[in-house]
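**Student:** Sequence:
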Amino acid sequence: MTKLSRFAAVLAPATMLFLAPLPALAADVSIDLNKLETQNGNCRLTMVLVNGRAEAAQSLRADLVMFGADGVVAKRLAVDLAPIPANKTIVKAFDVAGLACEGIGSILLNDVPSCQFANGKAGAPSCLEAVSVSSKAGPKFFK
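So the sequence shown is residues -26 to -1, 1 to 117, counted in mature numbering (1 follows the signal peptide of the UniProt record, and there is no 0).
Since the hints were derived computationally from the structure, they do not count as laboratory data.
Fair warning: there could be bad hints in the mix.
Stated by the list, open to error - Below, computed lysine to aspartate or glutamate pairings styled on EDC-like, alpha-carbon distance capped at 16 Å: (1) 49 / 76; (2) 66 / 29; (3) 117 / 37; (4) 117 / 103; (5) 49 / 85; (6) 117 / 11; (7) 62 / 11; (8) 110 / 6; (9) 114 / 6; (10) 49 / 37; (11) 110 / 11; (12) 9 / 69; (13) 114 / 76; (14) 49 / 29; (15) 117 / 85; (16) 62 / 29; (17) 9 / 103.
All figures in this text were calculated on a predicted structure; none of them were measured in a lab.
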């Protein structure tokens, strides 16, 4: 075996460590903005929540900010998303008083100030990072 082939034999496994894909970190809870409907001048947000953990979400508060089509803050809303049973999908609806759905250009998940699971632990490493967002409705939903 030449010096070059020995070097390659040692180097190949080491380079595979750097080239191997890292495992994806799954969110503890995913929130999909699924539907918006205007009722009596208010916008009703319907969200599909999926708890991917083996423990129930006992506390999960979300701070939502609605922006108009012009990008200006139109409304801010704090909602309680819990309880969500372990490994369960649920649907929750929230009314945004005084704002028609047509007035919403995008929605920001500004913060998740609290999250607590049945095992006594919070989402890791922070509550905001424990949540992923998506949207099937018209406005962009982001964090």
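**Student:** Please go over all the hints and tell whether each is borne out by the structure.
**Tutor:** Comparing the hints with the structure gives:
1. 49 / 76: Roughly 13 Å separates the two Cα atoms, so the pair holds.
2. 66 / 29: Outside the cut-off at roughly 19 Å; violated.
3. 117 / 37: Satisfied, since the Cα-Cα distance of roughly 10 Å is no more than 16 Å.
4. 117 / 103: Given that 16 Å is the threshold and the Cα spacing comes to 9 Å, the pair holds.
5. 49 / 85: Holds, at about 15 Å.
6. 117 / 11: violated (22 Å)
7. 62 / 11: violated (25 Å)
8. 110 / 6: Measuring from Cα to Cα gives roughly 7 Å; hence the hint holds.
9. 114 / 6: Measuring from Cα to Cα gives roughly 11 Å; hence the hint holds.
10. 49 / 37: holds (11 Å)
11. 110 / 11: holds (13 Å)
12. 9 / 69: Status holds; Cα separation ~12 Å.
13. 114 / 76: OK: residue 114 and residue 76 at ~13 Å, within 16 Å.
14. 49 / 29: With Cα atoms ~32 Å apart, residue 49 and residue 29 exceed 16 Å; violated.
15. 117 / 85: Roughly 8 Å separates the two Cα atoms, so the pair holds.
16. 62 / 29: holds (10 Å)
17. 9 / 103: Not OK: residue 9 and residue 103 at ~24 Å, beyond 16 Å, violated.
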